[in-house]
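Enquirer: If you're matching them up, the sequences are chains A, B, C and D in order.
By my numbering, the letter at position 190 of the first sequence is numbered 190, and the numbering carries on one by one without gaps.
By my numbering, the letter at position 267 of the second sequence is numbered 267, and the numbering carries on one by one without gaps.
By my numbering, the letter at position 8 of the third sequence is numbered 8, and the numbering carries on one by one without gaps.
By my numbering, the letter at position 153 of the fourth sequence is numbered 153, and the numbering carries on one by one without gaps.
Among the hints, erroneous ones may be present.
Here are the simulated PhoX-like cross-link-like pairs (lysine-lysine), alpha carbons at most 25 angstroms apart as the crow flies [as the list claims (entries may be wrong)]:
1. A/K80 - A/K90
2. B/K201 - D/K51
3. A/K201 - C/K90
The set of hints was computed from the structure by calculation and includes no laboratory data.
Listed here are the chains, written in short residue letters.
There are 4 protein chains.
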Amino acid sequence: MVRAGIVGTTGYAAREVLRLLATHPAVEVTAVVSQSAAGQALDAVLPAFRKVYDLTCEAFDAAALAERCDVVFLAVPSAKSMEYGAALRKAGMRVIDVGADFRLKDPAVFEKYYKTPHTAPELLVESVYGLPALNRDALRGADLVAVPGCYPISIITPLWPLRDQSLADVPVVADSISGISGAGSALSDAFHFPEMNENAKAYGVATHRHTPEMEQALEQRITLQFTPHVGPYTRGILSTITVRPSAPLDLDTLYAPYADEPFIRVLGAGNLPELKHVRNANFCDFGWVHDERTGNLIIVSAIDNMVGGTAGMAIQCLNLMFGLDETAGIHFPGMAP
Amino acid sequence: MVRAGIVGTTGYAAREVLRLLATHPAVEVTAVVSQSAAGQALDAVLPAFRKVYDLTCEAFDAAALAERCDVVFLAVPSAKSMEYGAALRKAGMRVIDVGADFRLKDPAVFEKYYKTPHTAPELLVESVYGLPALNRDALRGADLVAVPGCYPISIITPLWPLRDQSLADVPVVADSISGISGAGSALSDAFHFPEMNENAKAYGVATHRHTPEMEQALEQRITLQFTPHVGPYTRGILSTITVRPSAPLDLDTLYAPYADEPFIRVLGAGNLPELKHVRNANFCDFGWVHDERTGNLIIVSAIDNMVGGTAGMAIQCLNLMFGLDETAGIHFPGMAP
Amino acid sequence: MVRAGIVGTTGYAAREVLRLLATHPAVEVTAVVSQSAAGQALDAVLPAFRKVYDLTCEAFDAAALAERCDVVFLAVPSAKSMEYGAALRKAGMRVIDVGADFRLKDPAVFEKYYKTPHTAPELLVESVYGLPALNRDALRGADLVAVPGCYPISIITPLWPLRDQSLADVPVVADSISGISGAGSALSDAFHFPEMNENAKAYGVATHRHTPEMEQALEQRITLQFTPHVGPYTRGILSTITVRPSAPLDLDTLYAPYADEPFIRVLGAGNLPELKHVRNANFCDFGWVHDERTGNLIIVSAIDNMVGGTAGMAIQCLNLMFGLDETAGIHFPGMAP
Amino acid sequence: MVRAGIVGTTGYAAREVLRLLATHPAVEVTAVVSQSAAGQALDAVLPAFRKVYDLTCEAFDAAALAERCDVVFLAVPSAKSMEYGAALRKAGMRVIDVGADFRLKDPAVFEKYYKTPHTAPELLVESVYGLPALNRDALRGADLVAVPGCYPISIITPLWPLRDQSLADVPVVADSISGISGAGSALSDAFHFPEMNENAKAYGVATHRHTPEMEQALEQRITLQFTPHVGPYTRGILSTITVRPSAPLDLDTLYAPYADEPFIRVLGAGNLPELKHVRNANFCDFGWVHDERTGNLIIVSAIDNMVGGTAGMAIQCLNLMFGLDETAGIHFPGMAP
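Next up, chain A with everything else stripped away, as it sits in the complex (with noise of 0.2 angstroms):
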């Protein structure tokens, strides 16, 4: 069994992870971190995990955690990763951040983005972009996974097979709309319930974090307009890409190799996704059509943010770290309704 530990266990990203590992067969949870919920039974803190975990939430301690686990997810906010991973990484830990600091290579774009100066610059050489779909190699031996934004996932995957062709010199526009549970169990006076329910918004318009973090998995082949909304639900995104091609493309050929990916599920022309057949689910699926009229590529993804957004996507990772099967704990279907 693969030992795990899981830092910022009260956060949406790393309850995610723990409810995936209950039931994965080869991973065993032996370690909470929780800053705030530390000394606490992990199932006072979170009642759903109640007949579950038997275990108790402890302070940070990368020597602990080093002891008792062969492998630490990180589920903390920005600037806080890379902080624990560096200690992580010096404790010889092996490490998945699920978080947004091991991603862009350039420290000047993390920099300008996140609003900080990046504090471990030599794990950004290390750190491996966790789509599976890119860089399943460079994962089987990695030591510092970090694990796509759910955007970008949702809009990298059918975009990849796309860089290399001939595309007007215009920006793709990828209009996205993600559940509410993206934002974090952070209260806001946005999310508030009666606030969020029964409403819609753009949000980050121009300024959004995974804009440089695609347009780099895409290696800045491709400019991306993208504007994220939110919308009255808890889980899912669903993109919309307009793609203008300089000739039609021949997106049976370009997809085929997808036909391999365990979580990758191609739909085909005029076949386009619902989020309720990705939901809780690892799935990205897509779909798309072509516009005679005006010459566009629409595309259409979606993902569960949550499940192969975030966690779904990181236990992929491990179990291609450790030599597992890739799909083991994870492989099961949307749950519709």
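Assemble chains B, C and D onto chain A, guided by the hints.
Expert: For chains B, C and D alone, coordinates are given in the frame of chain A:
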């Protein structure tokens, strides 16, 4: 008092017209027409109207309506609208059609998108497109008004002042998301509660009937890549419109005329709308962000599809047609929460 | 025009009073008081009111309000209400308190349930409980009105005509479920969107403050087992009330006086209410089933907690206080959908 | 591997059984039966199952199923269940019926509540009521299991240990609220998204079929006043149960045997459950409050109607029938958020 009749009573658009007219100071509802509910008390069919209306549903009869009404709202499915509209105009009635049959001026375009020939093309000449900001004067004397589609109201309103500006030769991308009420009251697997709750999807990509309506209203100067979506809520449309200007636009000046519009609220640069601020209101709110990095302009607009997108707009047209205060009966704020 | 001031502007109850007064034909809002937003434009704090109100928030000052208002709505937290209410009464103002401080007549009961002594017990004698069906005449001359709690309106309305009837000596069981707006605008982990969406729970079991209020209104003739719940929606209270009559009751006769009530809709035996028919309306709908097998009577009632349960009821009281048409400004049907 | 067939594939109960079996370590799905979808690929009909199941729907044929299955789940409408169940038992198959036809032991009671005579009364003798806490031993050897109704699981579980206690001679009041998935996948005006969103209502008052099922399971020692409700969400049942003990009960002792139950979580006095902690889980959580003022005991319980209330419970029965680990494939925590 203006005496109004409503045809198509049990549908969502008619229900909303009835709901709003219940508090209109200068309109009295004198006839409610429903083929399926003829002979039944209105409040037996629609219990929300108990102790509000004491009316009985009747079958459609243009002559009978002409005796008791000064104006008739048509809220019936496509194709029915042109049949009833022709009969009512023949009987000398003034008509406000909240359906789609009198919006497109070119019968050939109508037939292409609605898959049926237009049977009253002479009325396409007479009908006035019911967007007061564009056609206020024409509406004052109109005998036949075509209330715009819900998506078009949210998209034409911010684009109208830009139609003469120099834009790059690529389609404007308009990604809209609507609440389910926009799909009407007819049952379908797609909109059964457990199928649609916590769900979202795109539909009508490249083929939606509102595309030619919008391009016509914008005088064919803008090509639109319009992708509608539905989300898990009842009311409201949020439209995100990505425009590629050839040179920077002076939006404050371009939108200055809207300061006098009673139901258009220009939020300005960096101030984006939310559905909750227009919920159950007749307003169209919009704001924008200019992305210096890409050169694009991203405009976001919000309406309540049932009020500002349908019934409220229809009543605003009635007010103009009959020389009433333009805001009579519809000047209420958003319902938040 | 009656000139009205509102204290507690940014809370949900005050927002709703403001929303409804925007279309009241005989009331003008002349002052909006908010300690946290003093000096700011109302529509900057609450964007739903743009192009509706041109007012600036001010700090509380009883003398200043007395100059510009004929009546003041208090919509502030418990304990603040009695402080402000006393100051306003001293300044000669008529007051409508939508909070809880003037509902209970016995200061000892108040202190027991609200955990603080009452500082203006003399006003408990003066205050009139604002339920028109019970106290219409007293409300006409009232200077201080205590608007009932939301749950009490839904439960007292159907039980009031039964209070003299012979019931078994066991508590009446009232299980109510409310939308989250009833919990107000203050942030809490419990009502963060992702925590409450798709969730439901009971709370305040055996201790809720509305229990003594209801038993007082029912003249202590009925003991209540009141269990409130919250569900994943914004507005509306559904109350299911299980009564054990000693002998069959003639409900049609007992409820006959309600036929003249403008906002009570008695649906009758076998006809049960739904929230949607009272959404955004001032009505209280109820119906019932007599279970011959068990001998119990099950009554189900529905209100919109924000309108019929708070702001609409407060305005109905204002209408009575100032000799206006009792239904002025609040006689609209339910918003369905 | 146990080979399982599912009949009624496109309904919600069958979909959920399929979803959970996809990760069961000791069960293989070998047949999916659907009259309406016979001949179609399972994942064409239910896209959530793409890249999970490679199965084709077939028509019902008891002999064919007997060749390829060790057990068959029946998830078909009432009346169909007894027909198919009889055919399968005749063919020697072991059967788990998630429908209602084999729950009631008395054919007369069945006919009274289900409005049709029972056509296989001999199987009512054979069938075992699938509530492991009551019937674990009988389930181990069962050939025909009647999975309990969803409401009954939430109500019987906390009441079973109280059935011998001294209670006042009045019905126990059980007010339950369920998500809409409990109403199934059949379309109706009532559950069209815009009709049900932000709505709630009671239904089946005094007549619901689960009442005799619960009283039978409680050995006719408790009379229930059961009032079911639906609320605007997809999954979960919250039941509030008001009991009137003749004398104080020692609940900690009465519920002590549940400490060993793998899927019953006794929260204790003053600790009430929430739907979110059991969402997508097989647990039944409950807690209680003793109201000293009234003498009543209020118990609140929570389940996920689709997992712990249907499919998870059915698989728990399968595990017992086939001597597997009782928790195999269903021991996951609640999905919160």
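Enquirer: CA of B/K201 to CA of D/K51, is that 25 angstroms or under?
Expert: Holds. B/K201 to D/K51 sits at ~21 angstroms (cutoff 25 angstroms).
Enquirer: Hint check: A/K80 vs A/K90, CA-CA at most 25 angstroms. Holds or violated?
Expert: Holds. A/K80 to A/K90 sits at ~15 angstroms (cutoff 25 angstroms).
Enquirer: Holds or violated: are the alpha carbons of A/K201 and C/K90 at most 25 angstroms from each other?
Expert: violated, 46 angstroms
In summary, the structure is inconsistent with hint 3 from the numbered list given earlier, while agreeing with all the others.
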